[in-house]
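Engineer: Its first residue numbered 586, the sequence shown is counted upward by one per residue in our numbering.
Here are the simulated BS3-like cross-link-like pairs (lysine-lysine), alpha carbons at most 30 Å apart as the crow flies:
| # | residue 1 | residue 2 |
| --- | --- | --- |
| 1 | 883 | 724 |
| 2 | 954 | 665 |
| 3 | 954 | 724 |
| 4 | 954 | 883 |
| 5 | 954 | 596 |
| 6 | 883 | 596 |
| 7 | 731 | 665 |
| 8 | 665 | 724 |
| 9 | 665 | 883 |
Cβ pair distances, simulated, as ranges:
| # | residue 1 | residue 2 | range |
| --- | --- | --- | --- |
| 10 | 742 | 918 | 25 to 35 Å |
| 11 | 844 | 730 | 51 to 61 Å |
| 12 | 745 | 626 | 30 to 40 Å |
The hints are simulated quantities; they were obtained by calculation from the structure and are not laboratory data.
Where is the CB? At the ideal position from N, CA and C, for every residue including glycine.
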Amino acid sequence: MFKKLLKDKNKPDFFLLTIILILLSIGIIMVFSSSYVWAEYKFDDAYFYLKRQLLFAGVGVMAMFVFMFIPYSTWIRYSKPILLICFGMLIIVLIPGVGLVRGGAQSWIGVGAFSIQPSEFMKLGLIIFLAGLLATSQKYITSLTKGFIPCLLLVFTAFGLIMLQPDLGTGLVLVLTCMVMIFVAGARLSHFFGLASLGIIGFVLLIASAPYRIRRITAFLDPWEDPLGDGFQIIQSLYAIGPGGLMGLGLGNSLQKYFYLPEPQTDFIFAILAEELGYIGGMFIIGLFLLLLWRGIKISLEAPDLFGRFLALGIVVMLTVQTMINISVVIGLIPVTGITLPFLSYGGSSLTLTLCSVGILLNISIHSKI
Numbered sequence: 586m587f588k589k590l591l592k593d594k595n596k597p598d599f600f601l602l603t604i605i606l607i608l609l610s611i612g613i614i615m616v617f618s619s620s621y622v623w624a625e626y627k628f629d630d631a632y633f634y635l636k637r638q639l640l641f642a643g644v645g646v647m648a649m650f651v652f653m654f655i656p657y658s659t660w661i662r663y664s665k666p667i668l669l670i671c672f673g674m675l676i677i678v679l680i681p682g683v684g685l686v687r688g689g690a691q692s693w694i695g696v697g698a699f700s701i702q703p704s705e706f707m708k709l710g711l712i713i714f715l716a717g718l719l720a721t722s723q724k725y726i727t728s729l730t731k732g733f734i735p736c737l738l739l740v741f742t743a744f745g746l747i748m749l750q751p752d753l754g755t756g757l758v759l760v761l762t763c764m765v766m767i768f769v770a771g772a773r774l775s776h777f778f779g780l781a782s783l784g785i786i787g788f789v790l791l792i793a794s795a796p797y798r799i800r801r802i803t804a805f806l807d808p809w810e811d812p813l814g815d816g817f818q819i820i821q822s823l824y825a826i827g828p829g830g831l832m833g834l835g836l837g838n839s840l841q842k843y844f845y846l847p848e849p850q851t852d853f854i855f856a857i858l859a860e861e862l863g864y865i866g867g868m869f870i871i872g873l874f875l876l877l878l879w880r881g882i883k884i885s886l887e888a889p890d891l892f893g894r895f896l897a898l899g900i901v902v903m904l905t906v907q908t909m910i911n912i913s914v915v916i917g918l919i920p921v922t923g924i925t926l927p928f929l930s931y932g933g934s935s936l937t938l939t940l941c942s943v944g945i946l947l948n949i950s951i952h953s954k955i
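Please work from the sequences and hints to get the whole structure.
Structural biologist: Printed below as a string of structure tokens:
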């Protein structure tokens with residue numbers, strides 16, 4: 586397969602592929618480093634999370650290469666059934682006894698010893714469908730009734746189902762990604778200003794409707810007011826980042842993973858990375874994500890058709906927005922939302938769907954003039 590790939594006139598972006606594999610490798614190392622204490626305590630197996638993450642990564646990498654060789658134009662033909670399946674999964678997960686509740690959110694469906702998170706599938710499914718819709722109906726996007734509102738109804742229907750779980754972090758990634766795609770497609774700024782006004786009102790009502798969200802806001806403003814309650818995670822995260830300094834405490838030498846920072850292998854893995862690898866390690870990871878953004882935008886700009894451009898844009902924006910939200914939470918810039926760091930955090934659905942997404946991006950790069 587690789588010999589054929591090297592002989593092809595158009596090859597995938599190996600620079601992007603290298604970035605992805607480096608991030609994935611660092612993620613596997615950090616999942617083990619951040620989780621072995623908790624895994625030993627909870628499962629009597631220090632390698633529990635590592636073995637599962639290796640399995641997820643193996644399946645994800647195979648899926649990435651499969652998706653890399655599927656012509657991206659294929660996805661527009663199946664975008665409607667993919668979206669319907671994603672909506673179906675979002676409804677199924679809300680059924681009592683079917684959806685699994687973790688951390689107060691009913692966001693998972695159990696499949697044997699594993700579980701899947703439908704909202705992760707919806708992110709990619711909606712990007713594919715919206716890319717096809719914008720590519721075939723771009724001339725209508727400047728119209729409020731024919732273009733802008735139909736796109737919004739689609740996006741916010743998905744957002745509403747995700748919020749019923751509730752999963753604000755994933756919902757925000759979905760909405761922000763789709764808004765960027767719609768904006769780039771040529772939607773009027775006046776429509777966005779009107780949407781922003783409604784969005785602020787809706788966001789305030791969303792926060793006010795759930796007491797735990799209000800507590801997260803107050804904990805964000807002053808986490809030391811409730812250091813053992815709602816402010817606990819962000820305080821422990823900052824306690825991890827601070828001692829890391831420039832060079833870090835050394836790989837494996839984190840203190841916060843010793844039952845201070847809850848389940849550090851998931852949402853707050855960047856805090857452990859910064860503690861062990863320091864400012865230099867943290868900036869190296871951020872630099873890799875910036876390079877991924879640059880290559881993704883370049884692929885999008887050089888794609889041969891509108892569908893490829895919007896699809897590549899949606900994928901790279903999704904990854905960038907998710908990264909920005911995760912790291913901003915970890916360093917205390919925004920309230921805790923509960924969202925993984927792409928390629929690095931422990932998690933099957935998130936990692937596998939992320940690798941499938943970049944597989945599509947790599948296929949677009951084969952056809953792009955880069």
